[in-house]
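*Asks:* The primary structure of each chain is shown beneath.
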Amino acid sequence: MSAFFRLVTTASLLACSLLAAPGHAETIRSGQLLDEVHFLIPAGPGGGWDGTARGIGEALRKSGLVERVSYENLSGGGGGRAIARLIETADRQQNTLLISSTPIVVRSLQGIFPQSFRDLRVIGSVIADYTAILVRADSPHTDFNSLAASYQQDPRSVKIAGGSVRGSTDHFVVAKAMQLAGGTPRSIVYVAYDGGGKAMAGLLTGECDALSTGLSEAIEMHRAGEVRILAITAPQRLTELPDVRTLTETGLPLTFANWRGFFAAPGLTEQRYKQMINTVEAVVETSEFEEIRSRNGWSRLQLSDQAFYDYLEQQEQEIGELMRQLGYLRKVK
Amino acid sequence: MIDGILLGLTTVLTLYNLTLVLVGCAVGTIIGMLPGLGPISAIALMIPITYGFEPSSGMILLAGVYYGAIFGGSTSSILINAPGVAGTVATAFDGYAMAGQLGQPGRALATAAYASFAGGTLAALLLLLTAPFLADISLSFQSADYFLMMVLGLSLVSAFASEGEHLKALIMTFLGLALSTVGTDLTAGVQRFTFGRMDLIDGISFLLLAMGTFALSEALMMVLRRNKSEKAPTIPTSGLRLSKSDVNAIVPTITRSSILGFFVGVLPGAGATIASFLSYGFEKSLARDPTPKFGQGNIKGLAAPEAANNAACTGSFVPLLTLGIPGSGTTAILLGALIAYGIQPGPRLIVDEPQVFWSVIVSMYLGNLFLLALNLPLIPYLARLLLMPRSILIPLIMFFSMMGVYLVSFNTFDLYLIVLVAVSALVLRVLGFPMAPLLLGFILGGMLEDNLRRALTVSDGNWTFLIDRPITIVLLGIIILTLLSPVIRRLVSVATSR
Numbered sequence: 111m112s113a114f115f116r117l118v119t120t121a122s123l124l125a126c127s128l129l130a131a132p133g134h135a136e137t138i139r140s141g142q143l144l145d146e147v148h149f150l151i152p153a154g155p156g157g158g159w160d161g162t163a164r165g166i167g168e169a170l171r172k173s174g175l176v177e178r179v180s181y182e183n184l185s186g187g188g189g190g191r192a193i194a195r196l197i198e199t200a201d202r203q204q205n206t207l208l209i210s211s212t213p214i215v216v217r218s219l220q221g222i223f224p225q226s227f228r229d230l231r232v233i234g235s236v237i238a239d240y241t242a243i244l245v246r247a248d249s250p251h252t253d254f255n256s257l258a259a260s261y262q263q264d265p266r267s268v269k270i271a272g273g274s275v276r277g278s279t280d281h282f283v284v285a286k287a288m289q290l291a292g293g294t295p296r297s298i299v300y301v302a303y304d305g306g307g308k309a310m311a312g313l314l315t316g317e318c319d320a321l322s323t324g325l326s327e328a329i330e331m332h333r334a335g336e337v338r339i340l341a342i343t344a345p346q347r348l349t350e351l352p353d354v355r356t357l358t359e360t361g362l363p364l365t366f367a368n369w370r371g372f373f374a375a376p377g378l379t380e381q382r383y384k385q386m387i388n389t390v391e392a393v394v395e396t397s398e399f400e401e402i403r404s405r406n407g408w409s410r411l412q413l414s415d416q417a418f419y420d421y422l423e424q425q426e427q428e429i430g431e432l433m434r435q436l437g438y439l440r441k442v443k
Numbered sequence: 252m253i254d255g256i257l258l259g260l261t262t263v264l265t266l267y268n269l270t271l272v273l274v275g276c277a278v279g280t281i282i283g284m285l286p287g288l289g290p291i292s293a294i295a296l297m298i299p300i301t302y303g304f305e306p307s308s309g310m311i312l313l314a315g316v317y318y319g320a321i322f323g324g325s326t327s328s329i330l331i332n333a334p335g336v337a338g339t340v341a342t343a344f345d346g347y348a349m350a351g352q353l354g355q356p357g358r359a360l361a362t363a364a365y366a367s368f369a370g371g372t373l374a375a376l377l378l379l380l381t382a383p384f385l386a387d388i389s390l391s392f393q394s395a396d397y398f399l400m401m402v403l404g405l406s407l408v409s410a411f412a413s414e415g416e417h418l419k420a421l422i423m424t425f426l427g428l429a430l431s432t433v434g435t436d437l438t439a440g441v442q443r444f445t446f447g448r449m450d451l452i453d454g455i456s457f458l459l460l461a462m463g464t465f466a467l468s469e470a471l472m473m474v475l476r477r478n479k480s481e482k483a484p485t486i487p488t489s490g491l492r493l494s495k496s497d498v499n500a501i502v503p504t505i506t507r508s509s510i511l512g513f514f515v516g517v518l519p520g521a522g523a524t525i526a527s528f529l530s531y532g533f534e535k536s537l538a539r540d541p542t543p544k545f546g547q548g549n550i551k552g553l554a555a556p557e558a559a560n561n562a563a564c565t566g567s568f569v570p571l572l573t574l575g576i577p578g579s580g581t582t583a584i585l586l587g588a589l590i591a592y593g594i595q596p597g598p599r600l601i602v603d604e605p606q607v608f609w610s611v612i613v614s615m616y617l618g619n620l621f622l623l624a625l626n627l628p629l630i631p632y633l634a635r636l637l638l639m640p641r642s643i644l645i646p647l648i649m650f651f652s653m654m655g656v657y658l659v660s661f662n663t664f665d666l667y668l669i670v671l672v673a674v675s676a677l678v679l680r681v682l683g684f685p686m687a688p689l690l691l692g693f694i695l696g697g698m699l700e701d702n703l704r705r706a707l708t709v710s711d712g713n714w715t716f717l718i719d720r721p722i723t724i725v726l727l728g729i730i731i732l733t734l735l736s737p738v739i740r741r742l743v744s745v746a747t748s749r
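Note that the protein sequences, when read in sequence, are chains A and B. Using the working numbering, the first residue of the first sequence is number 111, and each one after it goes up by one. Using the working numbering, the first residue of the second sequence is number 252, and each one after it goes up by one.
Keep in mind the hints are simulated off the structure, nothing from the lab. Beta carbons: idealized from backbone N, C-alpha and C, even for Gly. Hints are supplied without guarantee of correctness; some may be wrong.
[Claimed, not checked] Covered stretches of chain A (in silico footprint by chain B; criterion: 3 or more residues with CB under 8 Å from a CB of chain B, positions within the stretch not fixed):
| hint | segment |
| --- | --- |
| 1 | 206-214 |
| 2 | 323-333 |
[Stated by the list, open to error] Partner residues are not named here, just some residues of chain B that face chain A (Cβ under 7 Å, in silico):
| hint | residue |
| --- | --- |
| 3 | Gln-393 |
| 4 | Val-433 |
| 5 | Leu-437 |
| 6 | Pro-519 |
| 7 | Gly-593 |
[As the list claims (entries may be wrong)] Residues from chain B that face chain A, not an exhaustive set, calculated with beta carbons under 10 Å:
| hint | residue |
| --- | --- |
| 8 | Glu-305 |
| 9 | Leu-390 |
| 10 | Phe-392 |
| 11 | Ala-395 |
| 12 | Glu-416 |
| 13 | Thr-432 |
| 14 | Met-449 |
| 15 | Pro-570 |
| 16 | Leu-574 |
| 17 | Pro-596 |
| 18 | Val-659 |
| 19 | Phe-664 |
| 20 | Gly-697 |
| 21 | Asp-701 |
Using the sequences plus the hints, can you model the full thing?
*Replies:* Structure representation (structure tokens):
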């Protein structure tokens, strides 16, 4: 018993200490902005939010902007539980940054959780992942308009795979693009897969004809020549992919960014609020951040404070409009 | 390919990387032994440590953690009926019975260790020989085929029922299917049976259900049958060699299960849990008059899922390394780690980063070897756990199973839910309902539904997808054969007895 028990105890201690995992930086460099940042990640370990928070935490620590960084995973309710926790325990969360992304806008519109970004302090966004619409390399379509043309002829002949549930941004973006090209958005055949990887497999097996997914999940397969990205939702071409057209260039005025950014607890002191904004603004300028960003194929999207708030309001309005057109939202919010 | 293997060997066989394999396996085993904590948590915990490493060293460490966690998970399944990982739930069926009812914890742990080792090693060999072709095969399976694989899994349900209790097994399977519909529906994006609770949006976690129906309800059962004394466990002091008859019994089982497990693992939509359930079901339907019966400590029933889940873990590296497609939660997190090292897995990985590709494969062999070497000496100590007085053991099991569930979600709602599940399971068990079919129905149900609805969406609602493609037809044929096999068997025996 004792041997097993000791083993278990050691492992639990190890697990607990690692879960709490503050990175111990020995030296405090000049230019330190905060003593401590605690990242609240509204999903389990290993997802996109988790990877971004941990990557940025590393950059904060290595660049000496922050001395101690810790992480907490709190999944559930599509991110709603973490938001609720942050609001409930606001007075104890002076060091906490909640990471979130576009789904916070979608899910609060859908009423999955009652709160919205307005209930939190808006800090700023750091990166964006644009949506890519792509086909297999052997597909006859070489640009989005030709895909849209066969959709208009027979919507059922173009099956479109996506990496998350019906009614998510993968679905909306491609439906909107088809609508702008002159098709009816509601007749789209959207095939929902459990994750971007499985959706990519669904495209490659020939089950679906096109895929709507985050650019970072498709960029490597495009480079390897297995798939062809027809269009992206960025406002202009990306330096990483000079040969890939934007939807705007194709004549369809649709830009969409899946941003990732940070929020803080309501009731933050004004001084701490400023410090948080400065910290997030500063980390984007570090070489450590730049390395993570280019590795993951993310684009920069740096908006702070009021600018980010306005951006969120605009995105909320656009997505809300789209959801109403597609019949995913009945009441006007 | 020979060049590749040599490159892998020269990379891995440095003192530094060998140490990493060892450390990875050890840490993985320890974390995996904790009920509820599986490879996903173990790898997520280790990733930040590997940030400064060379990519190949980092992957070697994480791969070691992965096998270690799967390996460790079987220990808690066998000893206290608390699977640490979904992939080791099937291990508990016969493993726990062998350790508890038969009082042979040493034999159970040793069988699991050898079966895991053999499964992992055989699969690594298969991976080495077939990885490039397998990528293509894994991409010929569509939703329709996954749907039929799940149906095939369900058709094995009688394998999970004891004699004469097929109706009860069927009822529990349907209960499992029903429970799997809780949460957000993928195809329509609608919430079902969540009663407006945020906690149920993501559905019920498989691990919670497994811990509730197995570990926690078992602890409660132990309280109920306090007076009926079972055989006191015999604790081996050394020499964990299996008897010759044991070895003869499990060698064919392990071979079959490893191959099955590997191929199931290669498919991006299946995984280790499905692999272990399928191989258990197949072994049970293949066995004639087994003694002891399956579910009561049969050695084949333990070896099959153990070999299969390890083989499936190795298999899941195929789509990850050759296509950059993660087929499971664990490989998704490994994909994240690779990206964090600045490596994009995809079709070009083997050309661009041959060192990473081959050293991961070579480290698989070494990892399996190290795991065996690490774990065999520990078995006598681990087995001693069962000598603990029940007044200590029962609360410990309760504590660890609830802690395990809480550590995954940090949600107190899950604690209420697991108590509810355990108490309901206790009532059902007292009435003679088996729990394994419930888990089978639950794990297959979600995937069954998603794949069926995808297949229907793609074929515009036509059921002709069932006969459109060769793979689908073959799978359909196997299902019909499985369902008819009792009839055929009876006809044959009637014919021969005349």
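*Asks:* Hint by hint, say whether it matches the structure.
*Replies:* Evaluated hints:
no. : hint    : verdict
1   : 206-214 : violated (count 0)
2   : 323-333 : holds (count 4)
3   : Gln-393 : 5 Å, holds
4   : Val-433 : 14 Å, violated
5   : Leu-437 : 5 Å, holds
6   : Pro-519 : 5 Å, holds
7   : Gly-593 : 5 Å, holds
8   : Glu-305 : 15 Å, violated
9   : Leu-390 : 5 Å, holds
10  : Phe-392 : 7 Å, holds
11  : Ala-395 : 8 Å, holds
12  : Glu-416 : 33 Å, violated
13  : Thr-432 : 14 Å, violated
14  : Met-449 : 3 Å, holds
15  : Pro-570 : 7 Å, holds
16  : Leu-574 : 8 Å, holds
17  : Pro-596 : 8 Å, holds
18  : Val-659 : 8 Å, holds
19  : Phe-664 : 8 Å, holds
20  : Gly-697 : 9 Å, holds
21  : Asp-701 : 7 Å, holds
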